[in-house]
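Number of protein chains: 2
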Amino acid sequence: MDTTMSALGTTARETGHAARLKIRAGAHRRPTAGMAPGYVQANLAILPAALAADFHRFCHLNPKPCPLLAASEPGDPRLPALGADLDIRTDIPRYRVWKKGELVDEVDDIRAVWRDDLVSFALGCSFSFEEALVENGLDIRHITCGSNVPMYRTNIATAPAGPFHGPMVVSMRPFRPADAIRAVQVTTRFPTVHGAPVHLGKPEMIGIKDIAKPDYGDPVEVRDDELPVFWACGVTPQSVIATVKPEFCITHAPGYMLVTDLLNARLAIL
Amino acid sequence: MDTTMSALGTTARETGHAARLKIRAGAHRRPTAGMAPGYVQANLAILPAALAADFHRFCHLNPKPCPLLAASEPGDPRLPALGADLDIRTDIPRYRVWKKGELVDEVDDIRAVWRDDLVSFALGCSFSFEEALVENGLDIRHITCGSNVPMYRTNIATAPAGPFHGPMVVSMRPFRPADAIRAVQVTTRFPTVHGAPVHLGKPEMIGIKDIAKPDYGDPVEVRDDELPVFWACGVTPQSVIATVKPEFCITHAPGYMLVTDLLNARLAIL
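Sequences listed follow chains P and Z, in order. Mapping the first sequence onto my numbering, position 83 (from 1) lands on 83, and the numbers just tick up by one. Mapping the second sequence onto my numbering, position 192 (from 1) lands on 192, and the numbers just tick up by one.
Keep in mind the hints are simulated off the structure, nothing from the lab. Each hint should be verified, as a subset may be incorrect.
Identical copies look the same in the list; a pair holds intra-copy or inter-copy alike.
Claimed, not checked - Below are the DSBU-like pairs computed for lysine-lysine, each with C-alpha atoms no more than 30 Å apart in a straight line:
| # | residue 1 | residue 2 |
| --- | --- | --- |
| 1 | Lys245 | Lys64 |
| 2 | Lys202 | Lys213 |
| 3 | Lys64 | Lys209 |
| 4 | Lys245 | Lys22 |
With these hints in hand, go ahead and build the complete structure from the sequences.
The structure is reproduced here in structure tokens:
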């Protein structure tokens with residue numbers, strides 16, 4: 001059984017590799033939240049090589065919304081930086097297949113539509129820093145409520161690259177001021193999974209008209225003694241790719257992430 | 001001449017030691033802001049040994065408002081941790097002498113009132129982190145305005161030690177949200193000079209009724225696109241000592257600090 005003993009020596013903990021094997025075998029068809037605790041989960045975008053160079057540059061120019069963990073060779077379904085035994089065509093429980101910007105299919109295996117010119121991009125995801133926030137005793141409202149994190153399109157422009165351009169999407173978590181300060185400190189340590197917040201308080205300054213009406217995800221309450229804290233969000237690249245309407249592309253389905261062999265703790269720079 | 005060449009090799013820079021010699025010689029009787037750029041300046045409290053143990057414990061319990069840089073042996077006017085050639089009785093340009101909580105004198109030399117039971121406490125000061133904020137390109141409103149930083153008594157209780165207790169005093173600097181996030185990052189690196197903010201936004205939550213009416217210092221404008229950011233302030237120990245009304249004590253006069261041999265840059269923990 002592919003599990004490891006935790007540092008405390010009592011509970012067997014599922015590894016990222018074990019999670020992928022389960023998904024690959026068709027034994028896990030649900031969202032990946034809660035799988036392989038402690039392991040990095042990633043957003044996925046698969047693009048034709050003709051667009052890949054521009055998208056790679058877009059990620060480099062916009063590291064907060066698009067923190068690139070790994071990019072593949074064209075046509076190569078492996079991402080060795082994220083796991084020795086990793087096949088990007090089978091290891092995610094639900095994919096979305098897009099043609100000219102239209103969602104044409106949701107599948108659990110993309111071997112049938114794989115092409116020799118496809119390049120896979122794995123981008124950091126907020127699961128990693130949320131784990132660090134929870135370990136710091138901070139309450140994350142949407143987790144407590146069992147809902148999706150609220151996300152908003154902003155008036156913050158991304159830096160364009162080739163056809164890729166558009167507004168930054170942010171996720172929001174409300175905190176009391178002292179916890180907001182702690183959240184800045186904790187997430188600053190994780191630049192490869194969105195890093196420090198991009199904004200806090202004053203949603204109108206970044207073009208958010210109604211905090212109760214997120215553009216994606218579910219609304220959460222922001223109490224009188226709390227500030228909304230905003231992080232650059234991995235939905236930004238998805239939204240930007242949708243604008244470009246590539247002739248073909250594949251993404252993960254929201255919440256159905258790529259589970260990697262990397263440890264969240266190892267992403268911390270300090 | 002006791003100056004050093006800067007790292008850039010062009011301008012001679014006044015050292016902390018040179019500043020103290022100038023003060024000791026009576027050649028500088030003004031506030032110390034701007035003296036010996038790059039060197040740590042400190043708040044000073046001198047208490048009889050009978051109170052020193054409790055005050056030392058108070059500092060340890062309240063490191064954000066009372067970041068202790070050095071404490072002397074009883075009766076010893078030196079603080080070797082802050083400078084080899086340092087005499088606490090002559091090296092500050094203006095002292096305040098207090099009896100039973102009453103200000104009885106302002107002098108530029110305390111040799112005449114020195115006692116064998118006096119213990120000196122040097123506490124970190126916001127000058128150090130303000131230098132780091134300015135180096136990060138952040139605009140500090142009260143510096144731009146040439147006024148004193150606004151300070152407020154809060155409803156945040158300090159942890160008591162012996163007779164020492166009372167509310168935390170905070171200083172306030174307004175920043176736009178992205179700069180407030182950067183200010184949290186920058187000042188987190190300086191725990192021995194107040195460290196990260198204790199609060200931001202929502203002044204009413206910490207008992208500040210009117211941001212335009214500071215309890216100490218001068219008001220500064222907080223613009224619509226700014227958040228007030230609050231740091232624990234070195235006026236806290238002064239305010240707490242005043243409450244205790246010690247039979248005798250000495251402090252620096254506000255703005256007339258102890259210039260040390262320590263470099264601000266060396267206080268950064270990361």
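Quick rundown of the hints versus the structure:
no. : hint            : result
1   : Lys245 / Lys64  : within (23 Å within a copy, 53 Å between copies)
2   : Lys202 / Lys213 : both (15 Å within a copy, 23 Å between copies)
3   : Lys64 / Lys209  : within (23 Å within a copy, 37 Å between copies)
4   : Lys245 / Lys22  : neither (33 Å within a copy, 70 Å between copies)
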